[in-house]
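2 protein chains.
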Amino acid sequence: MQRALNEARKAAECGEVPVGAVVTDGAGAVLATASNAVEARHDATAHAELLALRAAAARRGEKYLVDCTLTVTLEPCPLCAAAIALFRIKRLVFGAYDPKSGGVEHGPRVFDHATCHHRPEVIGGVDERESAAILRDFFENRRDPANSAGR
Amino acid sequence: MQRALNEARKAAECGEVPVGAVVTDGAGAVLATASNAVEARHDATAHAELLALRAAAARRGEKYLVDCTLTVTLEPCPLCAAAIALFRIKRLVFGAYDPKSGGVEHGPRVFDHATCHHRPEVIGGVDERESAAILRDFFENRRDPANSAGR
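These protein sequence lines are chains R and S, in that order.
Oh and the first sequence: position 53 is 53 in full-length UniProt numbering, straight run, nothing missing.
Oh and the second sequence: position 45 is 45 in full-length UniProt numbering, straight run, nothing missing.
No wet-lab data here; the hints were simulated from the structure.
All values reported here derive from a predicted model rather than from experimental measurement.
Treat each hint with caution, since some may be false.
Since copy identity is lost for identical chains, a pair holds within one copy or between any two.
With a Cα cut of at most 20 Å, we get these calculated SDA-like pairs of lysine to any residue [to be verified]: (1) K100 <-> V30; (2) K63 <-> D25; (3) K100 <-> D112; (4) K63 <-> K90; (5) K63 <-> G15; (6) K90 <-> R136; (7) K90 <-> A12; (8) K10 <-> G124; (9) K10 <-> H113; (10) K90 <-> R59; (11) K100 <-> H118; (12) K100 <-> D25; (13) K63 <-> A133; (14) K63 <-> R41; (15) K90 <-> A133; (16) K100 <-> T69; (17) K90 <-> L135; (18) K100 <-> A58.
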């Protein structure tokens, strides 16, 4: 989680909503890390999780990551939750819960439907305070409170 | 929809689950087209919709596509439904309904939650028979019926 938190801090330094993600393999080796990059890439789907998952799969040249863990500082949104299922990730570890935009424990609860063909082990709330504090500090430093919805 | 169907046929020719997508702007001009490319890219998230949306946003250099229509041959899965909301697409037009893996009218119904911050106009069932026939023909030609779940 500390690697993911470092990625989140990097995002904040670039003016991106601070979310960071890491993909590790079955032996615990880091396959990919990523920061949220929606602004830099002009891509509303350039979330840390999706970038890290795609990078890990590209590194391996495989479309599934069945032995892997995704660690991310914030509860994934529906996009990233669905990507986690599609890549058949073994374990999801996340930091802060996200009642506003989350898709795992909130809203559509993507894994909790028969249409979801793979459900990872889910561990939420790891280093929750630190993960949430990075986000809170970022939004408190922004002038327009309306910017706080989504990434 | 005929452009999207042509993209779906291209996918089938490449051994990809035949789904095609087109993004058009407010004036009806085509911004991007894409075929499902999960196998070729070794990327479980390389769905036609997500590829077309990212290409359209990249072409414009903008993170939102507020005036645009996404036309796709199959009901989007939760990943693509969430991407449609994130890109703030104005209108979604799709062909066949997908009770097995769909995320708009089935399963998590991504747009139907307060955590979804943008809901497009949704028109389903356009050229439904033709869209479904391309998928059915593809799976009937594959040896292993277990391959028919997801892309």
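Hint-by-hint comparison with the structure:
Neither within a single protomer nor between protomers do K100 and V30 lie at most 20 Å apart by alpha-carbon distance, with minima of 30 Å and 34 Å respectively. In this homomeric assembly, K63 and D25 come within 20 Å of each other (Cα to Cα) only inside a single copy, at 14 Å, whereas the closest approach across copies is 31 Å. In the homo-oligomer, the alpha carbons of K100 and D112 lie at most 20 Å apart both inside one protomer (18 Å) and across protomers (14 Å), since each shortest distance falls under that limit. Taking identical chains as interchangeable, the C-alpha atoms of K63 and K90 lie at most 20 Å apart only when both belong to the same chain, with a minimum of 14 Å there against 31 Å between chains.
Taking identical chains as interchangeable, the C-alpha atoms of K63 and G15 lie at most 20 Å apart only when they sit on different chains, with a minimum of 15 Å there against 31 Å within one chain. When the C-alpha separation of K90 and R136 is checked against a cutoff of 20 Å, the pair qualifies neither within a copy, at 30 Å, nor between copies, at 31 Å. Proximity of K90 and A12 under a CA criterion of 20 Å is satisfied in neither setting, with 28 Å inside one chain copy and 30 Å between copies. For a Cα distance limit of 20 Å, the shortest separation of K10 from G124 qualifies neither inside one copy, at 22 Å, nor across copies, at 41 Å.
When the C-alpha separation of K10 and H113 is checked against a cutoff of 20 Å, the pair qualifies neither within a copy, at 35 Å, nor between copies, at 31 Å. Taking identical chains as interchangeable, the C-alpha atoms of K90 and R59 lie at most 20 Å apart only when both belong to the same chain, with a minimum of 18 Å there against 35 Å between chains. In this assembly of identical chains, K100 and H118 lie within 20 Å of each other by CA distance solely across copies; the values are 13 Å between and 24 Å within a copy. Proximity of K100 to D25 under the C-alpha cut-off of 20 Å is found in neither arrangement, the shortest distances being 30 Å within a copy and 30 Å between copies.
In the homo-oligomer, the alpha carbons of K63 and A133 never lie at most 20 Å apart, since the shortest distance is 34 Å inside one protomer and 26 Å across protomers. Within a single copy, K63 and R41 get their C-alpha atoms only as close as 23 Å, which misses the 20 Å cut-off; across copies the closest is 8 Å, which meets it. In this homomeric assembly, K90 and A133 never come within 20 Å of each other (Cα to Cα): the closest approach is 28 Å inside a single copy and 34 Å across copies. With identical chains, the CA atoms of K100 and T69 are never at most 20 Å apart, being 24 Å at best within one copy and 26 Å at best between copies.
For a Cα distance limit of 20 Å, the shortest separation of K90 from L135 qualifies neither inside one copy, at 26 Å, nor across copies, at 29 Å. For the homomeric pair K100 and A58, neither the shortest alpha-carbon distance inside one copy (31 Å) nor that between copies (27 Å) is at most 20 Å.
Taken one by one, the earlier hints fail for this structure at numbers 1, 6, 7, 8, 9, 12, 13, 15, 16, 17, 18, listed in ascending order.
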